[in-house]
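Q: Sequence:
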Amino acid sequence: MAISGNSSVASITGTLSTSLGFGFPPELTSIVDSIVNGDGEKYKYNLEIRDVTLQTSTFGRIIPEIYGKIRTSGNIIWTSGIKKEVTQTAVKRDKFGNTQGGQTSTNYSISLAIAICKGVVNSIDNIYADEVLLDKTKLNLMQYLGTQDQMPNSVIQSYEGDENTPAFRDLCYVVIHNFSLNDYNGRVPNFTFDVTCNKESKTANSVISGVCIIPGCGEFAYDTQIQYKMDAVYNNFGMIIGYSKGASINHNNNTSNSDAVASFEKMQKEIPNLKWASVICSWFGSSLDIASCEILPKVEYKNGKTTPDEWGVAGFNRSSAQMVGVDASGSVRYGGTPSDGSILRYIDYVKSKGVKVCFYPFLMVDADGKPWRGKITGNISNVANFFHKSRGYRDFIMHYANLVKGKVDAFIIGSELIGITKITDGKGNFPAVDELCLLANDVKSILGSSVKVIYAADWSEYHHSDSGWFNMDKLWANSAIDAIGIDCYFPCTNSGQSVYDISALKHGYESGEGYDFYYEDSENKLNPKPLSPQYAWKNLEYFWNNFHTNPDGKKTLWQPKMKKIWFCEYGFPSVDCCTNEPNVFYSPDSQDSGFPHLSQGIVDFKAQNAAILAFEEFWGGKSFIEQKFIWAYDARPYPFFPAFSNLWSDHASWRYGHWLNGKISFNQITNIISDFCEKIGMDEKDFEIENLDEYFDGFVLNQSSTAFNILKMFAEIYDFNIFHLNGKLKFSKNTNLLPILVDKSDIIAKNQTEIAQFLTINSQALLPSKIEMLFIDSSDFKINTAIVQNDNTQKMTIKVPIAMSFSNAQMIAGKILQNIIAQKDDYIISLPMKYSNLHIGDVIEIDNSFRKITEISFNMGKNYIDFTTTSVNLEMPLQRVENDIIETARTLEISGDTDVYAYNLPYSDDNTDFSQITLFCGINGLLANWKSCDIYQKLSTQSDYSFVKTQTSQSCTGKIVENPENTEIPEAYLIDRQTKLQIVLNDDYILTSIDEGNLGGQNIAIIGNEIISFANVQYLSDKIVEISTFYRGMFDTEISQNLSGLNFVLIDENICKITVPMTYLYKDIDILAVSNNQQITDAKPTRINISRTNFPKIALNTDFFKQGNGDILITWQARNIRDIDFWQDYVKYSSFYIEIYNEDGDVVKFYNNYQGVNLTITKNEQISLFGCEIFDLQYSLIQNGS
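One point on numbering: in full-length UniProt numbering, the residue at position 163 of the sequence shown is 163, and numbering is uninterrupted.
Since the hints were made in silico from the structure, they are not lab data.
These figures come from a predicted structure and were not determined experimentally.
Misleading hints may appear alongside valid ones.
Stated by the list, open to error - Have a look at the derived ranges for each label pair, beta carbon to beta carbon:
(1) Glu1026 with Lys83: 50 to 56 Å
(2) Gln591 with Lys931: 43 to 49 Å
(3) Asp521 with Leu725: 45 to 51 Å
To be verified - With a straight-line cut-off of 25 Å between C-alpha atoms, the simulated BS3-like cross-links for lysine-lysine are:
(4) Lys506 with Lys202
(5) Lys1084 with Lys305
(6) Lys506 with Lys375
(7) Lys356 with Lys266
(8) Lys202 with Lys980
(9) Lys474 with Lys563
(10) Lys83 with Lys118
(11) Lys389 with Lys375
(12) Lys606 with Lys564
(13) Lys959 with Lys1057
(14) Lys202 with Lys266
(15) Lys118 with Lys782
(16) Lys269 with Lys356
(17) Lys351 with Lys269
(18) Lys931 with Lys1084
(19) Lys770 with Lys795
(20) Lys931 with Lys136
(21) Lys389 with Lys474
(22) Lys202 with Lys949
(23) Lys118 with Lys202
(24) Lys949 with Lys1057
(25) Lys275 with Lys728
(26) Lys266 with Lys199
(27) Lys606 with Lys799
(28) Lys275 with Lys138
(29) Lys353 with Lys138
(30) Lys931 with Lys229
(31) Lys959 with Lys980
(32) Lys1067 with Lys949
(33) Lys525 with Lys506
Think of the CB as a built atom: it goes at the ideal place given N, C-alpha and C, for glycine as much as any other residue.
Sequences and hints are given; from them, build the entire structure.
A: Okay, structure coming up:
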């Protein structure tokens, strides 16, 4: 192909003999020529695609540039060097006076700065070390987002000095101080980062101000506090006797927060102009007949419990509430009603984020097929009872009005009850509307005048009834109702293809169905009939500006412009043709499931985004529209919902449904094109972008390439043209698909055979049948494959180094396959100069053959133009090979809470330090994935905790569930063969039997406040064990009689010992176990009083004698508490704690660590202590040593 002179059009794919830099400054001429010409070859999708998690953090690597959201490795730009810290525990002295060295631990750490990318980013979302997600709250982390005003880092300054520390401006980087290397074998791990760098552009997320928060059901779906479920453990009679380890209910994300908090934080980042949140909360109707329909909160399961909070709604608890119904597979139809406590916590949280709250009680029908609430109807005689009966509609609404009083800004008293509000006596009376007026009055009286009270009518309900009555006007005119509420799912197209043109979509709201006409056959969109403005339900402006007249000729109570309108819901499914029927949703388990009219059920995020933009632009400009809430953003955070299909039964509907999560925060192609043009020195006047509305999730430029390669890649993938026109470099979508007629006789050809070849589409026998497109999946940034195929036998694999969703990748793969097939049918046609107005991208029609122009060549000295064309509209079915949502979204594991069983008992072992008070604590992690906890303690009167130790093992703990009554009371240190105890263990701990001769030395445990030793062990199930053959009441502990329900703690190497000073005696102390991934404020303290029972008492020969000189002599004999069979004089190695009391029981003198076996209280000391000489003495004597 040749070009010369001042030609005006050229293709990016052509080989040009003359520069296309005409009209550009000289310094840009060669650049523009390289972009347009490239290397003379069509792009082959051959930029290297990399799995970013395989990259490494090394010195000297290229610092990448980020577009959108992507995962990239870091580049180390500074380190402190590895630091070694040696810690040794305190040296102890044993009972014989020998010293025992403490344990030595070594920690290796490093401080380092890691460059992430060039330029400013929005956020550093996640940090991974060797692909393991790190908890940023646990790091000593400083983040720099690449701004021009960021200052030098203080950590680097402390090592290098102020003068040697750069600010690294225009560079996004992090500094991690004292990062421990112990988990990485002393080496620096590979760091990778999830980074978001979105350029400002007008996308769907930028225009939204109000959002409906779903799912509406799920017992703790909205809770800001992490809750745990423990399954019931049963005995042989089917009775619940205990509970298993807990599993988190609402922590399925990569932060340390609950799902609802993680999702809301992400939503605020994605929707920067968020002002309102509508919190959906569901109860369940039992029937579509109002006569029998009961409305109740329900639970998901009966046999189990939750912690730290039990479920409760409106006075119902788990045992008294009904369970949600099950479908044919045995699965519950819905999640349970959100617990009242969780709702209150969530509302408080949302308000704390500066967002107003609308509370939206939502009625679901718990019946086969999960029918829409709008189908609930019945006889007029049952309307009042439906509202007022016990378990009726008013109970539902009034409960929440009282619950959220003083907390919300708006309250919806109901929605889409069209089957009930249309019930009439035929004389213009609609009793359900009257009931809603009464309900609105009562709700208003509770919530107050500052809270907007609204009813959200269905878009087919708000206007008029089937018989032409403006039945809702009485409610709209009611003084307690503050706005006309509409769930606005107006259709604005009726096309067999998705409409992306914003102007066309906006025009649809003031034309077409519901505005100009209605369909007699609305289901099949047949037989359109004219519609007058009075009954045009899409003509909101007319409705709002005018009086309404009923069929009886009387005006309604509505006054023009009386109240503004709220769209309590609007939204669009993410499928093709979504604007044809925005209300239709895909949910296979619902009888109302489907796709919009004319839709093929193809996932189309682009259509959803265009629809949202058009809706907001059109209705946002109307003064009578006060607020809009889009349906919906899920409190279950993306991508974990929908990735975890085992947790949520509706996961498969996400790709087609109205969800916004993961669908609205994209980067437009225009951003990256503009950025590249500016980088090569072009001004805005030098290039023009038109009709490009494509988007991508993320792109990282981390390898050497050229502007040509990058722009050409995007042009090929997203199907747009790059060409020089009228002195500008143009980037334009192939949008002109209306064919331009070309007369067959105008074709300049050698013969008729050449024309016939042009009009015949080439055979597809050698074309690829399958496209396998490798791309970076935006759900986890791993390489994934999208597959599209036809009926042929060939296959092609292409690589696209762009992050995108799987659904978007499939659409692109399909388009690429069509383009490849079209390009195989390239044909050059010569036409006279009168066709010089044709442009690249135009479609021409010759004898019903349609071809698209891809290249244009003007021939100097000849009066014709060569047009390179490809075939279009090939009748070729494409089959998308569906792939489930990638289930590799990684969560941040949390250990949950740690229970502490603290005991102040007279027990010691060979490692007990008798110079201090020793407490024995059973440690039990509530979750199965418990890793460790940090132990802290403080006096109850103190404000700050002191760190004690890190506990990496759990104790063997459980609860006694069955204890047959003994006919005889056991005696201390005599074998008890009668008692048998059944214990539900908290973990899979293995207990073993011992010989009776080892009783007192092995298998020592605490039950209640009694120390025992047991010989026989029999497992009845994985969690239930029976123990028998005991020593009871060991170490002077009181023998318990009723053992059922008492805690069981085994004293072995896994017990946690805490030592506190003697000064803590008689005082309360708080013990705190902070699980890993918890903050110290997350844990709840266990309080225990330090009493004298912590120490063993002298067992024999303790006495006192009055001496002739008036002195009192106290004598005793020491004992070995570890050996119950004999006594010896251990006074050499023992010390004693002695207290002297007055007649009121008050301590008047004490002796700590007293050495010896006798003590004299002189006559003078008696007078000093008691005011006179005494002849009777009250005292206690406690042995510290063994």
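Q: If a hint holds in the structure, say so; if it doesn't, say that too.
A: Hint check results:
1. A C-beta distance of roughly 53 Å is found between glutamate 1026 and lysine 83, which places it inside the suggested range of 50 to 56 Å.
2. Between glutamine 591 and lysine 931 the beta carbons are some 46 Å apart, a value that agrees with the proposed interval 43 to 49 Å.
3. Take aspartate 521 and leucine 725: their Cβ atoms lie about 48 Å apart, and the range 45 to 51 Å holds.
4. For the hint linking lysine 506 to lysine 202, the alpha-carbon distance of about 16 Å falls within 25 Å, and the restraint holds.
5. Taking the CA atoms of lysine 1084 and lysine 305, the gap is about 19 Å. The hint holds against a cut of 25 Å.
6. Straight-line distance between C-alpha atoms of lysine 506 and lysine 375 comes to about 31 Å, which puts the hinted pair past the 25 Å bound.
7. Our distance criterion of 25 Å between C-alpha atoms is met by lysine 356 and lysine 266, whose separation comes to about 17 Å.
8. A C-alpha spacing of about 73 Å is found between lysine 202 and lysine 980, which places the hinted pair above 25 Å, so the restraint is violated.
9. For the hint pairing lysine 474 with lysine 563, the CA-to-CA distance comes to about 13 Å; that is within 25 Å, so the pair holds.
10. With a C-alpha separation of about 30 Å, the suggested pairing of lysine 83 with lysine 118 is violated against the 25 Å cut-off.
11. A C-alpha spacing of about 20 Å is found between lysine 389 and lysine 375, which places the hinted pair at or below 25 Å, so the restraint holds.
12. For the hint linking lysine 606 to lysine 564, the alpha-carbon distance of about 31 Å lies beyond 25 Å, and the restraint is violated.
13. Restraint check for lysine 959 and lysine 1057: the C-alpha separation of about 21 Å stays at or below 25 Å, so the hint holds.
14. With a C-alpha separation of about 19 Å, the suggested pair lysine 202 and lysine 266 falls inside the 25 Å cut-off, and the hint holds.
15. Between the alpha carbons of lysine 118 and lysine 782 the distance comes to roughly 23 Å, so the proposed pair stays at or under 25 Å and holds.
16. For the proposed pair lysine 269 and lysine 356, the alpha carbon gap of about 17 Å is at most 25 Å, so the pair holds.
17. Between lysine 351 and lysine 269 the alpha-carbon distance is near 16 Å, which keeps this suggested pair within the 25 Å criterion.
18. Distance restraint check for lysine 931 and lysine 1084: the Cα-Cα separation of roughly 18 Å lies within the 25 Å cut-off, and the hinted pair is therefore satisfied.
19. Proximity of lysine 770 to lysine 795 is assessed by CA-CA distance (about 5 Å); at most 25 Å being required, the pair is judged to hold.
20. Only pairs whose Cα atoms come within 25 Å are accepted, and lysine 931 paired with lysine 136 is accepted, the gap being roughly 18 Å.
21. A hinted pair counts as satisfied when its Cα atoms are at most 25 Å apart, and lysine 389 with lysine 474 qualifies at roughly 24 Å.
22. Our distance criterion of 25 Å between C-alpha atoms is broken by lysine 202 and lysine 949, whose separation comes to about 54 Å.
23. Distance restraint check for lysine 118 and lysine 202: the Cα-Cα separation of roughly 24 Å lies within the 25 Å cut-off, and the hinted pair is therefore satisfied.
24. Proposed proximity of lysine 949 and lysine 1057 is supported: the alpha carbons are some 10 Å apart, at most 25 Å.
25. A distance of roughly 41 Å separates the Cα atoms of lysine 275 and lysine 728; the hinted pair therefore is violated under the 25 Å criterion.
26. Restraint check: the Cα-Cα separation between lysine 266 and lysine 199 comes to about 17 Å, which is no more than 25 Å; the hinted pair holds.
27. Of the pairs offered as hints, the one joining lysine 606 and lysine 799 holds, with about 22 Å between alpha carbons and a cut-off of 25 Å not exceeded.
28. Simply put, lysine 275 and lysine 138 have alpha-carbon atoms about 32 Å apart, too far for the 25 Å limit, and the pair is violated.
29. For a cut-off of 25 Å, the pair hint linking lysine 353 to lysine 138 stands: about 23 Å separates their Cα positions.
30. For the given pair, lysine 931 sits about 18 Å from lysine 229 by alpha-carbon distance, which is consistent with the 25 Å threshold.
31. Note on lysine 959 and lysine 980: the hinted pairing holds, with a Cα-Cα distance of about 14 Å set against a maximum of 25 Å.
32. Straight-line distance between C-alpha atoms of lysine 1067 and lysine 949 comes to about 21 Å, which keeps the hinted pair within the 25 Å bound.
33. Using a Cα cut-off of 25 Å, the hinted pair lysine 525 and lysine 506 holds, with the two alpha carbons roughly 21 Å apart.
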